[in-house]
Amino acid sequence: MNGATINNLIEILVKISEKLPITLTIMVLSLFFGLVLGLVTAIIRIRKRPVSYAIATLYLSIMRCTPALVQLFLIFFGLPYLLMLLNININGWNKITFVVIAFSLHMAASLSEVIRSAYLTVGNSQLEAAYSVGMSYFQAIKRIILPQAFTIALPNLGNDCIMLLKDTSLAFTIGIVDIMGEVRIIVGNNYGINEFQVYMVISLIYWAITIAIENGVRYLDKRLNRGHVSISKY
Amino acid sequence: MSSMFSWDFAIGHFPELLKVVPVTLLIAVVSMLLGLVFGLLIALCRIYRVPVLNKLAALYVSFIRGTPMLVQLYVFLYGVPALLEALNNKWGWNLSSDNISPLIFALTAYTINSAAYQSEVVRAALNAIDMSQMEAAYSVGMTTTQSIIRIILPQALVVALPNLANIFIGLIKATSLAFAVKVIDIMAVAKIVSAEGYRFMEMYLGAAIIYWVICFALERLFAVMEKKLRRYESKMV
Amino acid sequence: MIEIKAIHKAFGKNEVLKGVDVKVNKGEVVVILGPSGSGKTTLLRCINFLEKADDGELTIGETNIKFKHAAKKDILKVRRQTAMVFQTYNLFNNKTALENVMEGLITARNVPRNEAEKLSLKMLDKVGLSDKYNAYPNQLSGGQQQRVGIARALALNPEVILFDEPTSALDPELVGEVLTVMKNVAKEGMTMIVVTHEMSFANEIASRVIFMDGGVVVEEGTPHEIFNHPKEERTKLFLRRIVPDWNYVI
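Residue numbers (the working numbering), protein chains in the order written: chain A, 1 to 234; chain B, 235 to 471; chain C, 472 to 721.
Excised from the complex, chain A in its bound form (with noise of 0.2 Å):
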């Protein structure tokens, strides 16, 4: 068996982890903007204003029917012809821009539904209670219905950004130079070492990377989670 040496193993996790902040910068800009457009969807899809309303639930379904790679390929390939027809010029883009577009219309779309549900699950009576006591609607949001909702929405936020990381080893198809993109380099350039090694190296950092994020949602859990028994200091 071709050994790969405990120093070459070292030597390659050096360098896929070199590539990790770009990684990072993919997910925390889609993370971002898919919050703010997810958001927005939300609220389009409470109100239920009927032009909207429809609009919003087709942009869903188109998300959540097609796959993430032929998400990226037709916002990498389509979209620069889009906007040339609209005479704006792209040649100057870069390709992470491509990516995190992509990423974000598709993150917007899981997280709109989690807003929405964990809004909904608040319930109505919180926000009429906050109106009792002459709260504007504004108001109420942000002392009331905001909290309770986050808490309620955070193991489902945790998730999609798990799911999010993993999406991320998609980006190496438009030739993004991230840690998955670092891997399909080394296993091109050594041919014969064992690329099963390479490949389990990334795994085990991907790996580590979801249990950080696990913990780190577990952490804020338990944190946010006042109002059980015992903990209550004032």
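Keep in mind the hints are simulated off the structure, nothing from the lab.
All the pointers check out, no bait thrown in.
Okay, derived cross-link-like pairs now, DMTMM-like style, lysine to aspartate or glutamate, Cα gap no bigger than 20 Å in a straight line: (1) B:K289 / A:E214; (2) C:K476 / C:D526; (3) C:K707 / C:E696; (4) C:K537 / C:E630; (5) C:K523 / A:E128; (6) C:K566 / A:D221.
Fit chains B and C to the given chain A structure using the hints.
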């Protein structure tokens, strides 16, 4: 830069995409069914806390859920030959992975993947059923097998169905990665044809439409199934 | 003084309020009775605009609003002059009992925090829950939650407190503690409009009883008049149903 969108190209090559839809469906269906069987076994291991298997199962589920499908496919693609080589060297066998069809690779990888997710769904569904149901079944004289099949499983199915439906739809979408192990499915054809003709949008748009139609139809189907199953649930007063 | 004139409200094709006039003077306790579907809860919820009435006008203190063209500003104003106690208590789940009582003061009335805290503690004391100020709603019994709800309403010092079937969701043994608190609130001179099925409360405490059925006011009068000398047939039918073995003098 690419010229105008060519409807001729898009429509002309669409049938080629349709031709491989059965491959996509095959992978999804087989992986789902096999995955259900394994998922059930894994769930039972965890519920009954079988000594070693319990921890192994938990680790396995965590790994599958924590790593991208694409990476799992590659691990499989390169792992099997490596494993065979190791076995060959150790025990002097002469196995070769060259003759294994890419489809088998894909099916195995997707089965292992969906089994992990389905085991979680099954576990949650079984936990959701009150054990007093079993007691009631015993009290009217049913055997364990009878009570599981006639009472527990139907109720568990209702709880599990929405999540299983999501997993299946997710599986359909995940098959879009099968080209990584050289399976000729929808995405593979789209890539090949679009690269040949330099007409990317036309092919990927076609692929997108096919996926969307399949998933949309499935969503409707599952919604109907769920409604029929819930017929037996009483309405909240 | 609270006055409602000619209020109309329909849910789709279903007309729930068909022109109702109600006048409540300061310090009065008005109890509204009626079968379900009579519109009594809707009437209450229209007062603080949790439901939007279709037509009619509302006067609270100095403020006069027409329901049809009610501006957001006016709605907020009315809500800051009233308070509501809900059937399902509706305490803010993410706040402690004390914070629940303080919330409206701080947010909607710009009361500084330590003043609000002092006032809220006093109110919690009044309803007998000063030792639970730090508890979250899910740590309190139904009766305790409702009492916090009443404290929350009291702290706002409104022109009127609206009670929407305050004891209907409570276990029987917890009803008494809430009614006691409500009686004390009444004795201290708070203006109250109460929708309830608790006849004993109505009999003991109400200054006036209004009987509604099918979206209109059928009859109103003092408790003695309504319970002992009802004039309308519908009133008699209702009373007979609610208190089966009851004798009234004709």
